Amino acid sequence: MKSLGSIRRSFAPWADPASVPFIAVRNVTKKFGNFVAVDNLSLDIYPREFFALLGASGCGKSTLLRMLAGFEQPTSGEIVLDGQSLAGIPPYRRPVNMMFQSYALFPHMTVENNIAFGLKQDGMPKPQIAERVDQMLKLVKLDKFAKRKPHQLSGGQRQRVALARSLAKRPKVLLLDEPLGALDKKLREETQFELMDLQQQLGLTFVVVTHDQEEAMTMADRIAVMAHGKVIQVATPPEIYEAPNSRFVADFIGDVNIFDGTVSAAGPGAVEIATEAGFKVRLASAEAPAVGTKAGLAVRPEKIRVSRDKPSCAPLNAAEGEIWDIGYLGDMTIFHVRLKDGKVIKASSLNAVRAVEDPLGYDQQVWISFDENAGVVLKD
Amino acid sequence: MVTWSRFNIASIVFGFAFLYLPIVLLVIFSFNESKLVTVWAGFSTKWYVQLLHNQALLDAAWVTVRVGLISATVATVLGTLAALAMTRYTRFRGRMLFSGMIYAPLVMPEVITGLSMLLLFVAVGLDRGFWTLTLAHITFTMCFVAVVVQSRLLSFDRSIEEAAMDLGATPVATFLQVTLPVIAPAVFSGWVLAFTLSLDDLVISNFTSGPGATTLPMKIYSQVRLGVTPEINAVCTILIGIVAMGVLVASVVSRRREIQRVKDEQAAFAL
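As you go down the protein sequences, you meet chains E and L in turn. Anchor point for the first sequence: position 76 equals 76 in our numbering, and the numbering is continuous, going up by one each time. The number in our numbering is simply the position in the second sequence, starting from 1, with 380 added.
I should point out that these hints are in silico values taken from the structure, not numbers from a laboratory. Being a predicted model, the structure only gives us computed values, none of them experimental.
The calculated label-pair distances, taken between Cβ atoms and stated as ranges, are: (1) Lys147(E) x Ser496(L): 49 to 57 Å; (2) Phe394(L) x Lys144(E): 51 to 59 Å; (3) Ile620(L) x Asp143(E): 50 to 58 Å; (4) Leu499(L) x Pro90(E): 43 to 51 Å; (5) Arg473(L) x Val80(E): 35 to 43 Å; (6) Lys126(E) x Leu499(L): 56 to 64 Å; (7) Ile620(L) x Gln135(E): 51 to 59 Å; (8) Pro90(E) x Arg471(L): 14 to 22 Å; (9) Pro90(E) x Ile392(L): 53 to 61 Å; (10) Lys126(E) x Leu628(L): 35 to 43 Å; (11) Leu560(L) x Pro90(E): 16 to 24 Å; (12) Ser391(L) x Pro90(E): 56 to 64 Å; (13) Asp39(E) x Arg471(L): 22 to 30 Å.
Each residue gets a CB set at the ideal place from its N, CA and C atoms; glycine is no exception.
Bound conformation, chain E alone (with noise of 0.2 Å):
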C-alpha cells in the first residue's frame, strides 16, 4: 500500500497554474445589516484539497462555511462548485453535505436512522440504503451501535455518528465545523489522523472550520488564516508558520518574537535591520524593503539559541540578556531572556541530551543569537 505521505507530498494543485479549483469563491461579501461578516473575500479550492478556515471567533470562517453549505446566500459576489454557480440554490439540492458543530444528530432517530436519513430523501432503494448504512457504520467502527438512540453514545462515538452521516450521500465536497471541539484532548489528536486517513481514502475534498492551529496545521493541505472577514494569508501549514506574510499571522500561529526596526542596508538577498532592541540583525531575504523604512522581525522561539558564551556572529543576530524565567517541559525547556532594554525574548531548546551536567540557571548572563535565516522580515 501507498503511505499517505507519498501521496501528500506531491499534492501541489495549486502550485500548477494548469488546474481547475474545485469550489471557487468570487468576491462574496456577506452583511448583517450593518456587520460585514465576510468582506469581498476570494478562495480556490482544489479537488480532493484538505482545506482549513483558521481564524478566531467572528472572523467570518463559519458564515463563509454556512454559505458554501446554502444556510446563507452572499450578500454579493458568487460561490462555483465544479463549475456551476450555487447562487440561489438551497441547501437541499447542493451536493455538499455538512458536519455540525453541534453534531446536530436527529435525536428521535437511531444511529442506524440518522445515517440513512440522506439517502432515503434521495429515493435510494431500501436494500442499497442498508448496504449503505452498513457500510458507513464498518468506516466509522461503529457496527455494534445501529440500533442506539444518539443520547445513549459517549460524545466521541457521536462525533463519530455525524460523520457517517455526513458521508453517507458521498458528497463532492465534505464540510466540517470545528468537528473536533467538543472532544477532549486525547481523542481529538487521534480523531485527527483519523479524518486525515478517511478524506485520502475517500478522495473527497474537505474544507473545515477551526478556531485550533494546531488542528488546522496537522489536518489541513492549506489553511486560510482568516480576521475581520477577509483572508489574510493563504497557504501550507510550513509556509503559513515559517514565512507569515503579515505580523497578524506570525502572532496568531504558533508562538513569535518580534523586534521592531529600521532597515539599516539592503542588498541582493540579505537585508540589515537595526532592531530598537539595541542590536544589529542581518537576514537572508528575497524581497529587500528601501533603507530608513521600518520592518518588523519575526523570529520562532526554537529557532533562537541561549548561550552561555559570546556567539562566534555577535555583534550580528545575537544580543545579551539575563535568564528572567524558566519553563521546564520535559522534551524541552523556555527560556524568557531579558535584554537589556528590558524587551523579554522566549526561546526554546530541545533537551537532547538525558542530563544536563550544569544547566542554565535564573538570573544568568546569556547571549541570544539565531542563525540569518531563521527569521522573517515583516512590512507592516
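Got chain E sorted already, so can you dock chain L onto it with the hints?
Chain L alone, transformed into the frame defined by chain E:
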C-alpha cells in the same frame, strides 16, 4: 432520613385538606343511599346505575367529548402553527402586536370572550349549536396550545433542521420528519390541555351553544339550580376519576422515560 417538624406536618395536612376536602366529600356523598345530599344513610351505588338511564346526561357527555376532540385537534394545529410563526420569523412587522394578541385570550375574562363570540355568530347569521360551540372552543384553547408549543420551540436546536436540509430534505420533509417528531411531546401536552379546558368550560359554552348542544358542565349547572342530587355527585366522581387517571398515567409515563434515559446514559458512558 428527614425529620418532620410539627409545623411542616401541620402545613401539609392543612394544605391538602384545603385542596381536597370538598372533593372527598363529593365522592363520599355520591355513594349515599339517601336522596338528601347532606344526610348519610348508608352505602349504595344506585346513583351510578341511575346515571346510565339518564339519557339527557349521557347525551350531554357525548356532546362534550365530541366538542373536546374536534376543538382540541383544530386548536393544536392552529396553535402549533402560530407558535412556529412566532419563534421562527422573529423580524416581521407587527410581531409584538401579533404575539400580544395571541396571548390576550389567556387573560381575557371568559364572559367577554363568550359575549363577543355570540355577537359575531348573530351578526353573520350562524345558527347557534354544535358547530358554533366547537368554533368558540377552538378560539379560546388555541392560545394555550401556542404557549406550550412556543416554550418548547424556544429551546429547540435549529441545527438539526439545517442538518436535515443539508442531507436533502425539503423544508416540508424537514418539518414532518424532524421538527414535528421532536416537538411532538409538547404538541401532545398542548392537545391534552386544550381538551381539558374544552371539557370543563361553562361560561363560553353558555354563550355560544344553542338548542341540542348542551355540554356536561352546562347540564350539571342547570340541574344544580334545581337542587344538588346524588346523581350529579356520581357524574362528578366519574369525571374526577377520569382526570385523575389521566394525570397518573402521564406522570408514570414521564417518570419511566426519565429513568430509562438515565439508564441509557449510564450505559453509554460505561462502555
